[in-house]
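I would like the entire structure built from these sequences, with the hints used as guidance.
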Amino acid sequence: MQEIYHIREIEQLKVISDPLRIKILWEILDEAKTGKMLADILEVPAPKIHYHLKEMERVGLLIVERTEEKNGIIQKFYRPVAQSFSIAEILPDQRNTVKDELSDALKENILVSLDKTKSMIRKLDPEVLAYTDSPLKFGYRHVKLSPDQVKLLHEKAKEISELISEFKKNEQEEGEMYHYFMLSFPLKDTPYPEEEID
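Position in the sequence shown counted from 1, then plus 14, gives you the numbering used here.
Please note that a few of the clues may not be correct.
Calculated cross-link-like contacts (lysine-lysine; reagent style PhoX-like; alpha-carbon spacing at most 20 Å) [as the list claims (entries may be wrong)]: (1) K172 x K37; (2) K37 x K84; (3) K113 x K202; (4) K183 x K172; (5) K121 x K132; (6) K165 x K202; (7) K37 x K68; (8) K37 x K130; (9) K172 x K182; (10) K37 x K62; (11) K50 x K68; (12) K182 x K170; (13) K28 x K50; (14) K90 x K62; (15) K202 x K182; (16) K28 x K121.
I should point out that these hints are in silico values taken from the structure, not numbers from a laboratory.
Here is the structure:
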C-alpha cells in the first residue's frame, strides 16, 4: 500500500466526494473487509455498499487485496490503494465543479476520524492516565493567526506528519502503538466556546 495517493483526475474527485465512501475507506484502512462486512458495520444495505466499492475500484482508489471462497461464493476483500489521499494536485477550477460534495466529504472524513479517536480514548487503559508523566498529550486552543503564522504552522505540521510517516516505515517490533490526531481550521463566523483546555 502506498503512503499517499495524489488524486489528479476529476472523475476520481467526483467518486471520492461522497460521505459514505469516506466511511468505507476508513473502515478498510487498517484491515481488508468484504462488502458484507462493511454493510454490517455501517448498517447500510449490502447492494449499496457493493456499488460504492465497485465505483472506487473502477477509478483506482481501492483494490481487491485477496479473495476467499466461502460456501461456494468468492468473497472479495478490499483495501485503499494508499494510507491517505491528497487533492493538492487538482486544479482549483476542477475542485469547484464538485465544491459542495467535496466539502461534505472532507467534513465527513474529519468527523469519522474524530469518532475513531473518541472510540480509542474510551478504550484507553486507566493506567495510561494514572501517573503524572502520562504519554497522553492533548491541547485545545483558539488563536488569531496571521497568514505567515498559518504558513509556519502548516510547515511544522507537515514536518511532524513526515516524521510519523518515517517512523511508520521503520516500525520497531518492541515499540508501543500510539495514535496521533492533528486538526486545525479557520473558524471565520463559526461560534465557539470561550473555554480552553490544556
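To see whether the hints hold, each was checked on the structure:
{"no.": "1", "hint": "K172 x K37", "result": "violated (24 Å)"}
{"no.": "2", "hint": "K37 x K84", "result": "violated (26 Å)"}
{"no.": "3", "hint": "K113 x K202", "result": "holds (18 Å)"}
{"no.": "4", "hint": "K183 x K172", "result": "holds (17 Å)"}
{"no.": "5", "hint": "K121 x K132", "result": "holds (16 Å)"}
{"no.": "6", "hint": "K165 x K202", "result": "holds (17 Å)"}
{"no.": "7", "hint": "K37 x K68", "result": "holds (15 Å)"}
{"no.": "8", "hint": "K37 x K130", "result": "holds (11 Å)"}
{"no.": "9", "hint": "K172 x K182", "result": "holds (15 Å)"}
{"no.": "10", "hint": "K37 x K62", "result": "holds (13 Å)"}
{"no.": "11", "hint": "K50 x K68", "result": "holds (13 Å)"}
{"no.": "12", "hint": "K182 x K170", "result": "holds (18 Å)"}
{"no.": "13", "hint": "K28 x K50", "result": "violated (24 Å)"}
{"no.": "14", "hint": "K90 x K62", "result": "holds (15 Å)"}
{"no.": "15", "hint": "K202 x K182", "result": "violated (35 Å)"}
{"no.": "16", "hint": "K28 x K121", "result": "holds (15 Å)"}
Taken one by one, the earlier hints fail for this structure at numbers 1, 2, 13, 15, listed in ascending order.
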